[in-house]
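As a plain string of letters, each chain reads:
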Amino acid sequence: MSTLPLTERLEGGRRLRDWLGDRILLLLTFGASAAAVAVMVAIVYKVVDASHLAFSKFGISFLWGTVWDANPAKNVFGAGTLIYGTAVTSLIALVVAVPLAIAIALFLSELAPRGIRGVVGSLVETLAAIPSVVLGLWGILVMGPFVADHLEPWLHRWFGFIPIFSGSPSSSGVLVAGLVLAIMVVPIVASISRELFVSVPDELEEGALALGATRWEMVRGVVLHSSRPGIAAAVILGLGRAMGEAIAVTQVIGAATDIHVSLFQPGDTLASRIAGQYQGAVSNVQISALFYLGAILLVIGLVTNLLAQLIIRRFDVQRAGMR
Amino acid sequence: MATFEPAFTLRGDARVRRRRIVNRLIEAIATIAALAAVAMLGVVVWSIAKRGAGALSWGFFTESLPLFGQPGGGIAPLIVGSAILVGIATAIALPVGVCIALFLQEFASPRVRAPIQLVVDLMNGLPSIVIGIFVFGLLVYGHPQNGLAGAYGLAIVMLPLITRATQEVLRLVPSAQREGALALGASRWRTVVGVILPSALGGILTGTVLAVARAAGETAPLLFATSIYATTVQWDPRHALPNIPVQIFIWSESADPADHKRAWAAALVLLLFILATSLIARAAFVRSRRKLSR
Numbered sequence: 504m505s506t507l508p509l510t511e512r513l514e515g516g517r518r519l520r521d522w523l524g525d526r527i528l529l530l531l532t533f534g535a536s537a538a539a540v541a542v543m544v545a546i547v548y549k550v551v552d553a554s555h556l557a558f559s560k561f562g563i564s565f566l567w568g569t570v571w572d573a574n575p576a577k578n579v580f581g582a583g584t585l586i587y588g589t590a591v592t593s594l595i596a597l598v599v600a601v602p603l604a605i606a607i608a609l610f611l612s613e614l615a616p617r618g619i620r621g622v623v624g625s626l627v628e629t630l631a632a633i634p635s636v637v638l639g640l641w642g643i644l645v646m647g648p649f650v651a652d653h654l655e656p657w658l659h660r661w662f663g664f665i666p667i668f669s670g671s672p673s674s675s676g677v678l679v680a681g682l683v684l685a686i687m688v689v690p691i692v693a694s695i696s697r698e699l700f701v702s703v704p705d706e707l708e709e710g711a712l713a714l715g716a717t718r719w720e721m722v723r724g725v726v727l728h729s730s731r732p733g734i735a736a737a738v739i740l741g742l743g744r745a746m747g748e749a750i751a752v753t754q755v756i757g758a759a760t761d762i763h764v765s766l767f768q769p770g771d772t773l774a775s776r777i778a779g780q781y782q783g784a785v786s787n788v789q790i791s792a793l794f795y796l797g798a799i800l801l802v803i804g805l806v807t808n809l810l811a812q813l814i815i816r817r818f819d820v821q822r823a824g825m826r
Numbered sequence: 173m174a175t176f177e178p179a180f181t182l183r184g185d186a187r188v189r190r191r192r193i194v195n196r197l198i199e200a201i202a203t204i205a206a207l208a209a210v211a212m213l214g215v216v217v218w219s220i221a222k223r224g225a226g227a228l229s230w231g232f233f234t235e236s237l238p239l240f241g242q243p244g245g246g247i248a249p250l251i252v253g254s255a256i257l258v259g260i261a262t263a264i265a266l267p268v269g270v271c272i273a274l275f276l277q278e279f280a281s282p283r284v285r286a287p288i289q290l291v292v293d294l295m296n297g298l299p300s301i302v303i304g305i306f307v308f309g310l311l312v313y314g315h316p317q318n319g320l321a322g323a324y325g326l327a328i329v330m331l332p333l334i335t336r337a338t339q340e341v342l343r344l345v346p347s348a349q350r351e352g353a354l355a356l357g358a359s360r361w362r363t364v365v366g367v368i369l370p371s372a373l374g375g376i377l378t379g380t381v382l383a384v385a386r387a388a389g390e391t392a393p394l395l396f397a398t399s400i401y402a403t404t405v406q407w408d409p410r411h412a413l414p415n416i417p418v419q420i421f422i423w424s425e426s427a428d429p430a431d432h433k434r435a436w437a438a439a440l441v442l443l444l445f446i447l448a449t450s451l452i453a454r455a456a457f458v459r460s461r462r463k464l465s466r
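Chains A and B are the protein sequences, given in the same order. Here the first sequence is numbered in the working numbering, starting from 504 and rising by one per residue. Here the second sequence is numbered in the working numbering, starting from 173 and rising by one per residue.
It should be emphasised that the hints constitute simulated quantities derived from the structure, not laboratory data. None of these values were measured; they are calculated from a predicted model. We treat Cβ as the ideally placed atom computed from N, Cα and C, and that holds for glycine. Where hints are given, some of them may not hold.
Said to hold, decoys possible - Chain A regions said to be covered by chain B (calculated; three or more residues, Cβ under 8 Å):
id, stretch
1, 628-642
2, 785-796
Stated by the list, open to error - Computed from the model, here is a short list of chain A residues facing chain B with C-beta under 8 Å:
id, residue
3, Val540
4, Ala606
5, Ser625
6, Val645
7, Tyr781
8, Leu805
9, Val806
10, Gln812
Turn these sequences into a full structure, and let the hints steer you where they fit.
In structure tokens, the structure reads:
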């Protein structure tokens, strides 16, 4: 008997195909994953490598140098003004957005009737779908003039004794940038917080209500209390988003080269300086300085995301233990 | 006859009343906050629609970009360019993203999965301007601007979105289907290609459409790669491609009110595209998820 029965020959062919198919699929999917890791490594390597020239010239003092002069005779660059601008605009965004976003999340998870919940929830998420360039266009042509005509004079009248609210109103500046960023941060923090609040075990909520707590006391004592680390992670992610946003900020912040105390005045941030100079970089040192800014942003982005991941991971374990 | 005198009353107690008032107040604040967010969306969309609708005409969709300082003109080159850029980015990010998700959900051991998952999450959190200067440094610096570099940047934006969406549907595919196929003697790859992927297809597609909607509005990855371009329709991605987001950015920085008008109209077109696609995708996603979890 030299030939196998037909079915077994087929079986043999199939087994080979299956063996091959499994290997190819594994290789393909593993290859794709390895490629993603490689791209991430390449991003870090390229950005750091390209900032080398600026780093060797200005060193670590680039971080607090406040001069940015592309004049070929000078060619001095520093990120101090931009780090200040990034911090202030993100701080404004968080101060405005975080309480608002948490209130929205509470409305969606605890108050809203079922039918409204879905509609309002997806509308808030749609806010995140507006491209930043469109929001920036709206910011400079609609919101900026409104802030300059109404909000800033009002702030100046009542709080003008505080230096940050001094000076004359202007339609592009740090305050407008912070407010535009707030619109971007709200949907992020709100959707993460909502998921946190919904996942609070019902027994805990009902227990608090059964003990006679009002809804707010229950929310404060149970929902907010048990979600604190998660909210912190959401705020950190929102902060990362605000610090990294380039386009909308470039459109509304007014690209100042020095630090103004007044929030009504123009400023500039790390990300918006990069975006603002997309056509204007002349010397190699200047391009390298832009990469240096990018490297700072990269570190900010990686640290905020890692931190948020870490908190969420520990929090998940804690939540799992609570059930 | 002695009347019943309770030791305490609920209604009259000032403290209880205060607690109730505080409760009502907070509830009102939360409701107002939600309304404010919805109103904000309404105001943005409305003001774009109001200012942009006037400039929309047949010619606006079919004509070339206006030459500097000239009246009229259209956004045909921008639409074509954006479609090519997003198309190439999708062609890169969709297969790679689906493969990564398959690896993470179907093959990887927990020890291998954790670092790759972390990389995908970190990629999702990268500021898009960093992606922009990365592709500039890698593919544009020392060369002329080109659309391929921009598309590559958009692909980096889309990749984690598609991976995550695919992972989510893969998690929803009932393990009974997976185990059933394997129990019938099907190999791993036949199970994946013949059973798991068809079940997950709807979710993968909606995830991809959402990623397309996101990429269509991304400016920062394109700013250094494809922002200096011709005013006519360009088809070759090896040259700089005109595109909608960068042009809105340029027009919004201009001092000419005619350019602002064009920016509003282009923003309206972009916004309508994004809102329509993401709403349809969301609705389809809810449906496909319901179908899977049944």
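Checked hints:
1. With 12 residues bearing a CB less than 8 Å from a CB of chain B, the stretch 628-642 of chain A meets the requirement of three and the coverage assertion stands.
2. With a cut-off of 8 Å between beta carbons, the stretch 785-796 of chain A has 3 residues touching chain B; three or more are needed, and the interface restraint holds.
3. A cut of 8 Å between beta carbons decides the hint on valine 540/A: the least distance to chain B is about 5 Å, and the hint holds.
4. Checking alanine 606/A against chain B: minimum C-beta separation of about 4 Å stays under 8 Å; hint holds.
5. Satisfaction of the interface hint for serine 625/A is found here, the shortest Cβ-Cβ separation to chain B being roughly 6 Å, below the 8 Å cut-off.
6. The beta carbon of valine 645/A is positioned within 8 Å of a beta carbon in chain B (closest approach about 5 Å), and the interface hint is therefore held.
7. Because the smallest distance between the Cβ of tyrosine 781/A and any Cβ of chain B comes to about 5 Å, under 8 Å, the interface hint for this residue holds.
8. With a cut of 8 Å, the hint placing leucine 805/A at the interface with chain B holds, because the nearest CB-to-CB distance is about 6 Å.
9. Below 8 Å, beta-carbon pairs count as interface contacts, and valine 806/A has none with chain B, the closest being about 10 Å; its hint is therefore violated.
10. With 8 Å as the threshold, the beta carbon of glutamine 812/A comes within range of chain B, its nearest partner Cβ sitting at about 6 Å, so the hint holds.
When held up to the earlier numbered hints, the structure conflicts with hint 9 and nothing else.
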